[in-house]
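Student: Each protein sequence line maps, in turn, to chains A and B. Counting in the working numbering, the first sequence runs from 1 upward without gaps. Counting in the working numbering, the second sequence runs from 1 upward without gaps.
Some clues are possibly wrong.
[Unchecked claim] Partial selection, computed: residues in chain A whose CB lies under 10 Å from chain B: (1) G46; (2) Q88; (3) C99; (4) G131.
[What the hints assert, rightly or not] Covered, in the sense of this in silico footprint (three residues per stretch, anywhere, with C-beta under 8 Å from a C-beta of chain A), are these stretches of chain B: (5) 141-150; (6) 245-255; (7) 490-504; (8) 623-630.
What the hints contain is simulated information worked out from the structure, not anything from laboratory work. Where a beta carbon is used, it is the ideal one built from N, C-alpha and C, also for glycine.
What follows is each chain in one-letter form.
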Amino acid sequence: MRNIRLNVNGEDHEVEVDPRRLLVHVVREEVGLTGTHVGCLTGDCGACTVMVDDRSVKSCSVLAAGADGACVRTIEYLGTEEDLDPVQQAFLDEFAFQCGYCLPGMLLTVRELLDAEPDPDDAAILQAISGNLCRCTGYGPIVRAVRAAVRSTRGGEGS
Amino acid sequence: MNTSVPSKGTGRVGEAAKKRDGKALLTGGARYVDDVRLPGTLYAAVVRSTVAHARIRRVHTEEALSLPGVELVLTGERARELTEPIPYFIDPVVRGARRVDIHCLESERVVFVGQPVAAVVADTWEGAQRAARLVRVDYDVLPHVLDAEQAMSDDAPRVYEEWADNVVLSKSYGTGDPDGALSSADVVVTGSFRSERTTTAPIEPRGFLARWDAREETLTMHGSCQNPHQLRWMLSTTLGIPENRVRVITEKVGGSFGLKMQGQPEETLVALLSVLTGSPVKWIEDRRESFLAGSRQQVHRFTVGARSDGRIVALVNEIVADAGAMTAQAGWAMPNMSATTFPSGYRIPDCRIDLSIVATNKPPLSAARGFGKDSAHLVMERVVDLVARRLGLDPALVRERNFISSDEFPYRTSTGLNIDSGDFHGLLDKATKSLDYEGWRARQAKARGAGEHIGLGLALELTPESSDSPGSFVSGFDTTTVRMSVTGSVTVLTGVTSPGGGNDTGIAQIVATELGIPLEWVRVVQGDTDQCPNGFGNFSGRSMVVGGGSAALASRDVLRTLTTVGARMLGVERVEVREGAVVDPEGSDSVPVPDVARAVLTRSFEIASEVEPILESTRAYKPGNIDHRPDEHGRIQPYPTYSSCLHATAVRVDAETGKVEIADYAMAHDCGTMINPALVEGQAWGAVVMGLGAALSERLVFDEAGHTVSDRFKSYLLPRASDVPMIRMEHQVTPSPFTMHGNKGAGEAGVGGAQAAIANAVEDALSPLGVLVDRLPLSPPTVLELIRRAKEGRM
Ligand code: FES
Ligand code: FES
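Full structure from sequences and hints, please.
Tutor: Written out as structure tokens, the structure is:
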């Protein structure tokens, strides 16, 4: 066992972990944030996506010990029910999810994309979300939502 | 349990109200089963058979038990002493099929790789996994068979030694004289089609958390499941716990598509483990386990006869469906629906469909979106295209000539289905316009000149929905309670559940519309057997038909009391309820609904006298058109409604690499009245893409020993965002005369039509090379193989 420090969504946590324990399990079990999901544990589905030091990461593919000292952001950080992030709002408006299980990966990778490139083309959108599997929506509504988020951000800048 | 309270806004029937649980899902606040935390929870792992067929000689538990933190290792032998066999969701005997007893753990003989043989419980998830690997099982290996056609031969190994052969069900459907009609046809086309095994693969796997309370003698089961009431009954039956001491709570479900219908061994198992340890026990399926579930795998051999004008006069089709091993879940029965869905929406009175459902030593089928109907569409639409090709007619024209026309409904098909309504010609028109079919034909001709391969594919999909099966828990009705409180807020408790599609939103829209109140006054509770009336959950596109219908009936009862008392308060004869107020339609007087509710519930010996002081009603809704009395041909009619849609696609095929690129995709969809068009569209879109996966990339691969080789997303290829087109969706509304709102089931249509449209389009693209598409998925190697075969055939 060893002690690690994580800053999760702005809060410091010190946790004792087995060196083999995955970051996703620490986030869900020790930190108690269950918005991050487990879909495969093989790095393929993206449901476990979190931001580690501002980069999207599949937290099932990272040992918690390896993230010692890191700054972790999860889906819970993105926005609240009262104050949704524009990406979340666009997903709501465009019916870009059904069961919602894939949302951690979808929302965080789209947010990351828009932070880096406020006006991405469709190819960039598809590339950004292609690391995440969604079995419900067929992806089209998600692409539509990202386009809407781009529009709303641009509209917001103008006002 | 799932509750939802809406975001503000309009939400009458027919409007695209936002998903009620949307904000919770978007912010990570929704609770799925793995998110439920109970103090003292232990973790279970299942030890599974590593051989396809064997007698179990001995299970060694000592090593696993010696690990620190391990509480229990349960063997099949012990489990068998403690539990009854799992009751079938659809009883094979009632359907004229063979059955075997299915136990939560197998103690004597395993019949597929992955079958549960033992279970361990430990204080951590990792500990349980480790211990499960230490349980050793000695097997006396028996010969196995993995292919359904081989399994039908006389000398094939028996999957179940007590059966005379491996056939689960053999049955013929159809009426008329197909052989006679074939002999007088202008052309006769024969062919075959083979589909591979696929799986549902929701992103959240199955999972349960059971808590046995020894003092109260109650069992609470939190689950990711579709059918909480059936699960309660099943747990009561297998564990011998009175049903009124079992509570099933459905948590937020992360997709299901049939996989989470009840009847799987782990349900009983996890509950039993909690009873035995006296602690809450959680089991979450891992992805490899989830890949054990099969969705479909069939071989069809067909003969179709047509007149030279394209009219199809007869169809004979032989289906061999690979069921894998038997299951108590509904999955084994899916191929039966493949048979009865023929000849889809085409007027072919002379049909014979011979079905054999065959057991093999593969894992069982598990119910899957499409429920067998998809396989019928795939083959029927291939048949229509083959007729067109033989006659040199455009496939659109041949469809037009054979569609049942809209003035013929209700129309009884040769296999017995009574199609309620529809307009298939209208759908074809909409879809081909939306695709620019003519334009693509021109582009195709031009491309052919340049040696490029563009192909067009059409497919009709007729989806029988909201099924009923007598004596089973496949129920054609459901039940809802609508309860208004003294403050006017409304709680809706319904027997139907939502695995993500959002029927809670649709039901709330119906209740708000019926009661004339704002949507945000309505809260919907689903999936909790202690709160909701007896119901049947989610399957067969039933939720809005019967959940919506029963919610409307119950709302009307409440409305009657409200308007009676409201009219008295206003001193008028007749009132209406609008936007949360009881109003006098003649004048300007009104009284808020909450005031009326308070009057009903607190002034029952005064202004509300002679009115039964209750603002609550529980009603069941039975749609029309279901009839289980066999007609003179022995046909029954288990479906009230038939949704329909027409797919039109254009593909480009690279004959060098075998890659299929979907250049355009349009779908015209008709599920009658849409309660919430955005939710309908979402379902249809998802179903199409699931079908595209089966058409192009998804395939469960087994090695010769019967192990699933494609047991992760790296080898079982779900469509990703960059693989799929933006779909253009058109709507047509032909209301069902047999349901309360005129709606038909939605959510399944898409899976079968997409497979068919792609198969047809790829063949059309490669027709100059003489390619015949007779299998799926059309992965690049398969496409290249089909091209090679065509070339060889020509030499
Ligand atoms: S759970 Fe991490 S990628 Fe699937
Ligand atoms: S919404 Fe269900 S997996 Fe994406």
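Student: Does each hint fit the structure? Answer for all of them.
Tutor: Right, here's what the structure says about each hint:
Because the closest C-beta pair between G46 (chain A) and chain B is about 9 Å apart, less than 10 Å, the hint holds. The restraint placing Q88 (chain A) at the interface with chain B holds, with a minimum CB-CB distance near 4 Å, inside the 10 Å limit. For C99 (chain A), the shortest C-beta to C-beta distance to chain B is roughly 3 Å, which falls under 10 Å, so the interface hint holds. The beta carbon of G131 (chain A) comes within 8 Å of a beta carbon in chain B, closer than 10 Å, and the hint placing it at the interface holds.
Remark: the stretch 141-150 of chain B is not confirmed as covered by chain A, as 0 of its residues place a Cβ nearer than 8 Å to a Cβ of that chain, below the required three. Counting residues of the stretch 245-255 of chain B whose C-beta lies closer than 8 Å to any C-beta of chain A gives 4; at least three are required, and the coverage claim holds. Counting residues of the stretch 490-504 of chain B whose beta carbon lies closer than 8 Å to any beta carbon of chain A gives 4, which reaches the threshold of three, so the coverage claim holds. With 0 residues having a beta carbon nearer than 8 Å to a beta carbon of chain A, the stretch 623-630 of chain B misses the requirement of three or more and the stated coverage is violated.
Consistency note: the structure conflicts with the earlier hints numbered 5, 8.
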